[in-house]
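Line by line, the protein sequences give chains A and B. Heads up: the first sequence is residues 1 to 583, going by the working numbering. Heads up: the second sequence is residues 1 to 480, going by the working numbering.
If you are wondering where the hints come from, they were derived from the structure by calculation, not from laboratory data. Bear in mind that the values here come from a model prediction, so they are computed numbers and not experimental data. A hint or two may mislead.
Stated by the list, open to error - Computed list of lysine-lysine pairs in DSS-like fashion (alpha-carbon distance at most 25 Å, straight line):
1. 45(A) with 22(B)
2. 265(B) with 45(A)
3. 354(B) with 507(A)
4. 555(A) with 379(B)
5. 34(A) with 51(B)
6. 416(A) with 272(B)
7. 379(B) with 468(A)
8. 416(A) with 335(B)
9. 34(A) with 109(B)
10. 272(B) with 59(A)
11. 416(A) with 379(B)
12. 493(A) with 379(B)
13. 45(A) with 51(B)
14. 474(A) with 379(B)
15. 296(B) with 96(A)
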Amino acid sequence: MNENVIFSINGPVIRVKDTSTFSMLEMVFVGHKKLLGEVIEISKKFTTIQVYERTVNLKPGEPVLSTKEAISLTLGPGIINNIFDGIERPLKSIAKESGAFIPIGSNVDPLSIDKEWDVTFKIKIGDYVTFGDIYGVIPETKIIEHRLMVPKGVDGQVVEVVLDGLYRLYDVVAVIKDKFDVLHELTLCQRWPIKTPRPVAERIQTTTPLITGQRIIDTLFPIAKGGTAAIPGGFGSGKTMMQHQIAKWCDADIIIYVGCGERGNEITHALDEFSTLVDPKSGDLLIERTVLIANTSNMPVAAREASIYTGITIAEYFRDMGYHVAVIADSTSRWAEALREISGRLEEMPAEEGFPPYLSTRLSQFYERAGYVKTLNELTGSITIIGAISPQGADFSEPVTQNTKRFVHCFWALDKQLAYNRHYPAINWLQSYSEYIQSLVKWYNRNVDINFLDNRQKFIALLAEEDKLMEIVKLIGSDLLPDHQKLIIETGKLIRTGFLQQDAFHKEDTFVPLDKQSKMMEIILYLHDQSLKVLQSGVAFRMITNTNIFSDLSKMRYKIANDELELFDNYLKKIDTALAGVR
Amino acid sequence: MKLQYVGLEEIKGPLIVIDHVKDVAYGEVVEIELDDGTIRRGGVIEISGEKALIQVYEGTQGISLENTKTAFLGHPIRMGLSKEVLGRVFSGTGEPIDDLGPIFVDEYKEVYSSPLNPISRIYPRNYIHTGISTIDALTTLIRGQKLPIFSDSGMPHDKLAVQIVKQAQISKNENDNFCIVFAAMGVKNDVADYFKRSFEEAGVLDKVVMFLNLSNDPIIERIITPRCALTTAEYLAFQQDMHVLVILTDVTSYCEALREFSSSKGEIPGRKGFPGYLYSDLASIFERAGIIEQSKGSITQIPILTMPNNDITHPIPDLTGYITEGQIVLDSELKQKGIYPPMGILPSLSRLMKDGIGAGYTREDHQALANQIFASYSKVGEARSLASVIGEDELSPVDKAYIDFGNLFEKHFINQGFTVSRSIEETLDLGWQLLSMLSREELNRTEDRFLDQFYNHKQAVEDFGLEEKSIITSLKEIGD
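The shape of chain A in the complex, shown without the other chains:
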């Protein structure tokens, strides 16, 4: 058999001539340095391969090795609290081995092969096991129990299993005999191709919200566990900040943070922060439940395309263990641009703005991997996807935003003008929406307050009304408005500054539990209703604002700690006193 060799090189795209060895999406090793590549096009004459690393110094004539396997990940203990590049290369080990710059062709095992894990087995000889069954558990971090699952294609009787104890990643711990008497060895890890979704027993309707501790999200535009959301916004509108806030505070069991084509310093910052911040739920460090996938903007573009799939595949693996996983992808636009770049190199016919025509298919394939499911082993788990979008020129009509909008149920539109005014989070309350309210009604009624959703509706109505009135104010000034409209404007302002704005750097304000959100909403509406009554009794609105009760309330988010909700009663009294004074 002839050895396959490189024929042509154009950036990350290489071609091999006259061969039929390769199959579509197969993983290959390119050149003497064994760069990782993937077959993306096959014709009689040429096989086209995209290389996940820089191709500088590659020469025609260097070998291309087939692996007969699609691009796959090693899944096993050691993923949590780790940081990988887009193709699951461990960045910490690479740094240890080769210093500050990532060299070409570094082949380091994704997971530590020497570390010993404390395994407790859940099977005994004679048990029948099949794909997805849990055969052992490992305390991977303080809060995450790693559940070892039977890999795909293994189905039969346990004929051998070792005793509980310390084992390494590739140690054989059990042997399964299938119905053809073929023996399968189980280790602590398995492989899974990144572009194939892991199967589930069935999808279940989503009924629980993912609590983020961010008022505008939890109260106005909630996302369900197993849901999808997009955060589009121009540069400087606080996308990354928002993503970090959600990654830090949301009540998922595991966070997969995919830094796709973004800044290197941001990854460093995320790593710093997660390693020092404490998870309010478990009391442990956030990093103990976090996986970071970092393919920064200056890393090879093909690996950037893979990074999204790598993130979601790891998420599915943990979902199958019965965990609620949140995938935070920053940013899907960079991923789409990677598609465009590769497509351009292949000289494919472009659709809108140079993006390939299959952009929307790829986006839907990605977002469809979210969901609330019953797993093959009868557990429930979920994947929530929150993808940032960086629209060109902050123009939401561009293809990535538009196509994403069709596949997500939450849309948190970031607004540059709000960001300029330093209104953070800069989520525009008029353009954003959540389609999950209906399925979450029961949960909110049972777990928060029966009035919560009504109050939410009142907030939205007030904000919409305020926006309409502001149009008039821009033309004639606010002095000429009747008093009840002035009240709406004042309440709108209070909602904006006292409720929607949230200070990510303030100890108490950075994360706010739902109870407190509900109370704050109640107090603001109470003030509005009572003021309206006072106005109806003929008191001028100026008298009410002179009591400074509005500006007082706008600071309650700082003044009441998250665990002293009883202090809100003082505010009710304050409102009563203030309004009694002007009557």
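Given the coordinates of chain A, work out where chain B should sit on it, guided by the hints.
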């Protein structure tokens, strides 16, 4: 004895094709010797079988299919470096052009470097005191940051960059350990001269490395220029432990060169004809800033770009903004009022600021002050647009107060002048003093303890003598 290939297969814009080459690597450098003995350099950008497509850095003018001999040098484009580069002037491809002869080479480094491992980065936290109030207080520059200046033709961006160089304390107490790498990409001769003169006046010329690709120099060379500069910066920062400030001007010319080059290769264009990989390409430049664990040095980048048609949504500023850690935006309206530096503070932003200011870095109240100034100044804009519709007389007293605040703020805080350098305390105090012009209830972005400490309305009214001055006269003064 180098193997030389005689003659060419094809010449197309800045590209040449050589056929029947063997053992050539992607990215390899070639030397093209013309009949008259001059030597040009180029790089392999595509190989197909035995055909190599080569970009010629100095352009293909005068090259014919027959008059060349081409040798492949066996390595990608690289720069010879040593500490001797300080004080020298190089061409856009890293050849010395100051008649001082070749430099002694300590080490060769590839110009297209491998990406930095995010694990090895140290998150930048030390602020650089520039003495410019708007930057120090509102868009604080952090050592290791990449903070571009978005400008327009005719705006004083060069002046601002020079002022930063002159006043900035890049490294506190270790003053002998900093240097400047200056890369001119397609700028006019007099702009390059202005920078050179200014460096001379500031007495730092022996600490500057200059790379000059002027507007009439070849465009392929321009694509290499920032990379040569940053390779030099990386060597000085990460191997010689120096604090390096890199000034890249003008990024717009660079992008246009890239577009020209891309279209000559026949690539499918993205937005406005720029190649689809413009983002990745710019990222491979801007991401070469920062601090790493293995060294004491740092690279801080100040790229300058002129926004075509002053449009911030144009692909160049847009993509740049997505990569850099904030931006300083110059505002032509402020310039018309005669304010220097005409920094539009609302669209300007420093992403690293939040972690590099406050107690232990600048002063505890810094963040609170910045938040409040941004919030209050944005209301000035609203009040002004209202005034332009209904007239100033009809404004409510609150809106009037904002208009007064806006004018005073621009006159005293933003309008600092080219020669004044303010300490961080002076800047912050001035900010509070100006905010004190507003009523205390309007300042709802700060905690009360800061207001208790710094808010003093009476003093402010006295200091700025607001009552006597109408808006017209204070505007007039700004114009002076």
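Next on the checklist: Hinted pair, alpha-carbon criterion (25 Å max): residue 45(A), residue 51(B). Please report holds or violated.
Outcome noted: holds (17 Å)
Next on the checklist: Please verify whether residue 272(B) and residue 59(A) have alpha carbons no more than 25 Å apart.
Outcome noted: violated (34 Å)
Item to check | Pair hint residue 354(B) and residue 507(A), alpha-carbon separation not exceeding 25 Å | outcome: It holds: about 14 Å lies between the C-alpha atoms, which stays within 25 Å.
Next on the checklist: Next pair to validate is residue 416(A) with residue 335(B); report whether the Cα-Cα distance is within 25 Å.
Outcome noted: holds (23 Å)
Item to check | Satisfaction of hint between residue 468(A) and residue 379(B), Cα-Cα up to 25 Å | outcome: holds (19 Å)
Checklist entry - Would the pair residue 34(A) and residue 51(B) pass a check requiring their Cα atoms to be no farther apart than 25 Å? => result holds (24 Å)
Checklist entry - Does the structure keep residue 416(A) and residue 379(B) at a Cα separation of 25 Å or less? => result Status holds; Cα separation ~15 Å.
Checklist entry - Is residue 474(A) within 25 Å of residue 379(B), Cα to Cα? => result With a Cα-Cα distance of about 12 Å, the restraint between residue 474(A) and residue 379(B) holds, given a limit of 25 Å.
Checklist entry - Under the criterion that the straight-line Cα-Cα distance not exceed 25 Å, is the pair residue 416(A), residue 272(B) satisfied? => result holds (23 Å)
Checklist entry - Within a Cα-Cα threshold of 25 Å, do residue 34(A) and residue 109(B) meet the stated pairing? => result Within the cut-off at roughly 23 Å; holds.
Next on the checklist: Holds or violated: residue 265(B) and residue 45(A), Cα atoms, limit 25 Å.
Outcome noted: holds (23 Å)
Item to check | Holds or violated: residue 45(A) to residue 22(B), with C-alpha atoms at most 25 Å apart | outcome: Since the Cα atoms of residue 45(A) and residue 22(B) sit roughly 21 Å apart, the hinted pair holds (cutoff 25 Å).
In summary, the one numbered hint that this structure violates is 10.
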